[in-house]
Amino acid sequence: MGRFLKRILFFILLNFLIMITIGIIVHFFHLDRRVMGTDRDGLMTLLSFAAIWGFAGSFISLALSRWIARTLMGIKLIDENTANGSARLVLETVKELAATGGIRMPQVGIFDHDAPNAFATGPTKNRSLVAVSTGLLGRMSNEEIRGVLGHEMSHIFNGDMVTMTLLQGVVNTFSIFFSYLLAFVITRALEGGREKQRGGRSFLFYFLSDLFRIVFMILGMIGIAAYSRWREYRADRGSAELLGPGPMVAALRKLQAIANNSEEKMPDSVKALLIFKERRGMSLFATHPPLERRIQALETGEIYSLSR
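Just so you know, we're using my numbering here: the sequence shown kicks off at 3 and counts up by one.
A few of these clues could be false.
[Stated by the list, open to error] FRET-style restraints, in silico, Cβ to Cβ:
hint	residue 1	residue 2	range
1	ARG190	SER285	35 to 43 Å
2	PHE205	ARG106	48 to 56 Å
3	GLU294	LEU91	23 to 31 Å
4	PHE209	PRO292	34 to 42 Å
5	SER204	LEU286	30 to 38 Å
These aren't lab readings, by the way, just hints derived from the structure by calculation.
By construction, the Cβ of each residue, glycine as well, lies at the ideal position given by its N, Cα and C atoms.
Taking the hints into account, I'd like the entire structure generated from these sequences.
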């Protein structure tokens, strides 16, 4: 499995594992009994409980994001004293853009992967990381590399990592809240007073709450994906404003050419990385708009209306 795909899956898995761990603790100590009231106070307590539970996984993932990325992707930070060639270009471009945006210099690194990829992560604008793949450095011109770096730095300037974390926390919170609420209502309707006689929640309650939580989180991913597509347009716009539209358009065209020429020759684990290309039946869950659409938006100036 490709390292970039592993990183994406690891962040998703970490969020789920933290939520599951908290859920086990809640069930083991019967803390859920104290928050499942039927009156208004009980519902507010449940909502508060769901918010704490729901945001925990997202913020822990964000706080550890740089360390996780470096460890999982095998990122080697660029040494300013020894960097040369493309590595020097990456370092100097990030330094230039960081000064323009008025933020602290991010950590800058390279990871070994044949596919052209780059990403930015970090808990705050001043504690961020920008990483590019060896495939990107080997296949793109200096202008194209600068366009990609302008895009990634725009993600940092816009605070996209924190916003995505907050959005994931909201989805988690309401998934927990409504899954518990629906499970409580259905279980009570089906079992009546038997639940109280046993002095605890039934297997049906826990089964339904877990089932509804999964369903709601999948539905929530549609909203998160829609926001992600919008923020990609905004990052494209940011790159155009920082460096002019030329470098970003050139980079997108290069990605388009690489995807068209090599997708069928790639193993399945690498094909999954081509998130730039629209897939039928999965467009609602796509995190990036189609490359053709992004290029058109930059060339026509439509990017300014799409990224408002």
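A quick look at each hint next to the structure:
{"no.": "1", "hint": "ARG190 x SER285: 35 to 43 Å", "in the structure": "holds (39 Å)"}
{"no.": "2", "hint": "PHE205 x ARG106: 48 to 56 Å", "in the structure": "holds (52 Å)"}
{"no.": "3", "hint": "GLU294 x LEU91: 23 to 31 Å", "in the structure": "holds (28 Å)"}
{"no.": "4", "hint": "PHE209 x PRO292: 34 to 42 Å", "in the structure": "holds (40 Å)"}
{"no.": "5", "hint": "SER204 x LEU286: 30 to 38 Å", "in the structure": "holds (35 Å)"}
Taken one by one, the earlier hints all hold for this structure without exception.
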